[in-house]
Every structure is written in C-alpha cells, then in structure tokens.
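K.L.:
We have chain A already, so just place chain B on it with the hints.
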Amino acid sequence: AQSVTQPDIHITVSEGASLELRCNYSYGATPYLFWYVQSPGQGLQLLLKYFSGDTLVQGIKGFEAEFKRSQSSFNLRKPSVHWSDAAEYFCAVGAVYSGGGADGLTFGKGTHLIIQP
Amino acid sequence: DTEVTQTPKHLVMGMTNKKSLKCEQHMGHRAMYWYKQKAKKPPELMFVYSYEKLSINESVPSRFSPECPNSSLLNLHLHALQPEDSALYLCASSPRGTSGRVYNEQFFGPGTRLTVL
Numbered sequence: 001a002q003s004v005t006q007p008d009i010h011i012t013v014s015e016g017a018s019l020e021l022r023c024n025y026s027y028g029a030t031p032y033l034f035w036y037v038q039s040p041g042q043g044l045q046l047l048l049k050y051f052s053g054d055t056l057v058q059g060i061k062g063f064e065a066e067f068k069r070s071q072s073s074f075n076l077r078k079p080s081v082h083w084s085d086a087a088e089y090f091c092a093v094g095a096v097y098s099g100g101g102a103d104g105l106t107f108g109k110g111t112h113l114i115i116q117p
Numbered sequence: 118d119t120e121v122t123q124t125p126k127h128l129v130m131g132m133t134n135k136k137s138l139k140c141e142q143h144m145g146h147r148a149m150y151w152y153k154q155k156a157k158k159p160p161e162l163m164f165v166y167s168y169e170k171l172s173i174n175e176s177v178p179s180r181f182s183p184e185c186p187n188s189s190l191l192n193l194h195l196h197a198l199q200p201e202d203s204a205l206y207l208c209a210s211s212p213r214g215t216s217g218r219v220y221n222e223q224f225f226g227p228g229t230r231l232t233v234l
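Residue numbers (the working numbering), protein chains in the order written: chain A, 1 to 117; chain B, 118 to 234.
Please note that a few of the clues may not be correct.
Stated by the list, open to error - So, partial list: chain B residues that the calculated Cβ filter (under 8 Å) puts toward chain A:
id, residue
1, Leu162
2, Val165
3, Leu207
4, Glu222
5, Arg230
Said to hold, decoys possible - Just a sample of chain B residues kept apart from chain A, beta carbon distances all over 10 Å, derived:
id, residue
6, Met130
7, Gly131
8, Lys136
9, Glu141
10, Lys157
11, Glu175
12, Phe181
13, Glu184
14, Ser189
15, His194
16, Asn221
17, Phe224
Unchecked claim - Okay, derived cross-link-like pairs now, SDA-like style, lysine to any residue, Cα gap no bigger than 25 Å in a straight line:
id, chain 1, residue 1, chain 2, residue 2
18, A, Lys68, A, Gln116
19, B, Lys157, A, Val81
20, B, Lys170, B, Lys157
21, A, Lys61, B, Met144
22, B, Lys136, A, Gly41
These aren't lab readings, by the way, just hints derived from the structure by calculation. Yeah, the Cβ is synthetic: ideal placement off N, Cα and C, and Gly gets one too.
Isolated chain A, as found in the complex (with noise of 0.2 Å):
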C-alpha cells in the first residue's frame, strides 16, 4: 500500500525566508504526488501536482516541487514565505485501488508552518 512522510511536523521560518518542506512516499509505480495547504478551519487548496513529465512543477502562489525518484521525495519549495503562508501544508499521493479505480488520495500528518515576523 502505498504511503507518505513528512518528517518535519512544525517548521518555523521568517518572513522574505526560503522553505522547503520535506515529503517521502512509498508506492510501487509511478507516483501521483500532489502538495495541498489547509489554513485552520478551511478545507485544502491544491498548490500543485505531479503526474508525469518534468520533474520539477510549478504551482500556485509561488510554490515549486521536485519529484526525485531515487529518493521517493516530492519537496516543497518557496524563495521568499510570506505571513499568509502560515498554514498546514500536506503531501499526498494518489492511491490505486485493486478493483481497477484509480483514486482517493494517501496524505501525510501534514507540517504545520509557522511564519516569524
């Protein structure tokens, strides 16, 4: 089955700061890697997804992502947070499922990013 890992569950990061928030999935096949945010009390907003193609992905809001095979990573980046970026962020994988649908999604417990003045 397949499985996703954030190590980090808090980070703390300055305004006008880089992130780089960590993600490790297990799963036997190409990957489906998604990054979604979740601020408190509100339901998740995609950032950005992987499914094929070039390994490094854009997203919204300025975050970026890299898909690196050999270390089952899916990284989060950003050059420069901003306070409105502190938030739950989770990595997610999409699962496939015996009975032949290809669904649902795996998440990481999520890291939670706090933003210094």
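P.N.:
Below, chain B without anything else, positioned relative to chain A:
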C-alpha cells in the same frame, strides 16, 4: 462555477439525531468523495462515487450513509453517531470518473464541522 460547496458549515447533533451533510459542484466533475478529518490529523478517505455509483467504501461504519442523487450532488446521511465522530467532513470532486488507471486531481470544499454531543 469553479468550486465545491458544502452545507452546513457547522452542525451540532445529539447521538440519537438524524442529520445530513450536503456537497455540491457544478463543474461537470464525475467523481465525488467524502473525507473525515480529525483535529491535527490528515484527511482520511471514507467514500468515493464515480459516475454516481459508489466505487469505494473504506470500511466506514453503517451509521454513515452516502448518497449521490445526481452528478452534481453528494449527501452524507448521519444517524446514531458517537462523540468520536466529531470532525471536519470534507467533500471533494474530480473531473473524471475513477475507472482505469488515469488519475484525477481533487478539488476540496470548505468542509462541515460536525460536533456530536
């Protein structure tokens, strides 16, 4: 219309009550999902509907009963819930149905915050 809407935003119910959560999308998406998210945890998949048919039930207790009356609407009927069922219930949709190994990205609604007393 490019969003998933969920009603109500908040719901408080007793253990003997019957209530329903509603999810709606008008993007022409053919798959819809229910997730449950406990505080400070990632979302967990409950149900998947593809082309208005239930395709995945992740061993959810029968006190949760999903229904997909048409391609735009997804309900979750609640009966005899327990306090531990208190959580944020998230609905999502994706453009294609789940047949075959073609992955869909999922778009989430804002959620319904459920409290069971």
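K.L.:
Each hint needs a verdict: does it hold in this structure or not?
P.N.:
Hint check:
no. : hint                : verdict
1   : Leu162              : holds (4 Å)
2   : Val165              : holds (6 Å)
3   : Leu207              : holds (6 Å)
4   : Glu222              : holds (5 Å)
5   : Arg230              : holds (7 Å)
6   : Met130              : holds (19 Å)
7   : Gly131              : holds (23 Å)
8   : Lys136              : holds (20 Å)
9   : Glu141              : holds (14 Å)
10  : Lys157              : violated (8 Å)
11  : Glu175              : violated (8 Å)
12  : Phe181              : holds (16 Å)
13  : Glu184              : holds (19 Å)
14  : Ser189              : holds (18 Å)
15  : His194              : holds (21 Å)
16  : Asn221              : violated (6 Å)
17  : Phe224              : violated (7 Å)
18  : A:Lys68 / A:Gln116  : violated (30 Å)
19  : B:Lys157 / A:Val81  : holds (23 Å)
20  : B:Lys170 / B:Lys157 : violated (31 Å)
21  : A:Lys61 / B:Met144  : holds (23 Å)
22  : B:Lys136 / A:Gly41  : holds (21 Å)
Hints 10, 11, 16, 17, 18, 20, counting from the list given before, are not met by this structure.
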